[in-house]
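Heads up: the protein sequence lines correspond to chains L, C and H, in order.
Residues 1 to 137 (the working numbering) make up the first sequence, in order.
Residues 138 to 274 (the working numbering) make up the second sequence, in order.
Residues 275 to 411 (the working numbering) make up the third sequence, in order.
If you are wondering where the hints come from, they were derived from the structure by calculation, not from laboratory data.
Any given hint might turn out to be false.
Unchecked claim - Below 20 angstroms or equal to it, Euclidean Cα-Cα: the simulated PhoX-like pairs (lysine-lysine) are:
| # | chain 1 | residue 1 | chain 2 | residue 2 |
| --- | --- | --- | --- | --- |
| 1 | C | Lys139 | L | Lys2 |
| 2 | L | Lys2 | H | Lys276 |
| 3 | L | Lys69 | H | Lys343 |
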Amino acid sequence: MKAHTEYLTLHTQKRRDLVHLTPTLAPIVQRSGVAEGFMLVSAMHITAGVFVNDDESGLHADIWEWLEKLAPAGPDYHHHRTGEDNGDAHLKSLLVHHEVIVPITRGRMDLGTWQRVFYAEFDGQRDKRIIVKVMGT
Amino acid sequence: MKAHTEYLTLHTQKRRDLVHLTPTLAPIVQRSGVAEGFMLVSAMHITAGVFVNDDESGLHADIWEWLEKLAPAGPDYHHHRTGEDNGDAHLKSLLVHHEVIVPITRGRMDLGTWQRVFYAEFDGQRDKRIIVKVMGT
Amino acid sequence: MKAHTEYLTLHTQKRRDLVHLTPTLAPIVQRSGVAEGFMLVSAMHITAGVFVNDDESGLHADIWEWLEKLAPAGPDYHHHRTGEDNGDAHLKSLLVHHEVIVPITRGRMDLGTWQRVFYAEFDGQRDKRIIVKVMGT
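Extracted from the complex, chain L is given alone in its bound form (with noise of 0.2 angstroms):
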């Protein structure tokens, strides 16, 4: 069994932006040597979230507006009580998740046709890290 961990350090120039992950990803399989096995990327802190879905900037547009509504930013959170102002982030992380399995099949990401990793900065603007582990044969 072979386990390969690498991590991402991402710094986005706005607070809240996405960054398509996938092609960072598929280097890092090839050099972990794993064959069939298992991904983990998943990011180190809890203002952020790691999905899978579309590469469409229309679709992006929408899931920011939809976070936003479920999610709201605004001055009312009791966390901010500790100095912080970035409440709706750590909701928003806890409503996409910060992390996905992506299957290791042959050498490659086993995803489906339309299928991408993306990193969702909630509260950026700073380095953030992400922690990408292979496992498998």
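Position chains C and H against the provided structure of chain L, taking the given hints into account.
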């Protein structure tokens, strides 16, 4: 270490539907020969989900009403400028997620008494695929 | 490859509560003897969740208010025709999800600085079980 992969193809008659997968998954665990490990059950589409909950028809009605409230079908999604009309299906997929990991113990799915695995179709009436990958010893 | 499984039993005094699991999980990783791998932490119930976020009491109050807004307790669920009164607990479980994968690196949980693992009880005051399964080398 063993790895075993199967692909399921579903084609629901209704556009939106729940399919109970647990009876289909049990023989896959047996065929894998894995006694201790993890089983990934993951939709290969961005308009479908996989989740674990109760097999109770009233609850399923509640889940559909709830999904429609939080991620409603409608004509107003930016994504529809591409010619699609399934913007809600993408958001519903994000909400319930597209995959679960089922633990395997002593050669069986190690689920709680009422836990069942469901495929949630949000834009069906066509062939859709699910990957099931079992990894362990 | 090693696989190690433990079951936790929780019994919250309140019907709805958060339980910080990280201190309970650390010795399980040690007992597993796994240096590199994955740890699944999964509620064995359909009215509970497991998630990763911050251990900050104000944020926890925000999370409860948010869950109540998006998946409110109330008498109007179809599921209640079965005699149950916990329809909201099922929807809250779908929202936050019932499981997480924690990466294990050099024999420890490889979490970000502020990441902590929580069990979310949505229908407690009785024994509930969590499966913790560690797999790796």
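| task | Would you mind confirming whether the straight-line C-alpha gap from lysine 69 of chain L to lysine 343 of chain H stays at or under 20 angstroms? | result | It holds: about 12 angstroms lies between the C-alpha atoms, which stays within 20 angstroms.
| task | Quickly compare the C-alpha distance for lysine 139 of chain C and lysine 2 of chain L to 20 angstroms and report which way the hint goes. | result | Status holds; Cα separation ~12 angstroms.
| task | Would you mind confirming whether the straight-line C-alpha gap from lysine 2 of chain L to lysine 276 of chain H stays at or under 20 angstroms? | result | Judged against 20 angstroms, a Cα distance of about 12 angstroms means the pair holds.
Violation of the numbered hints given earlier is absent; every hint is satisfied by the structure.
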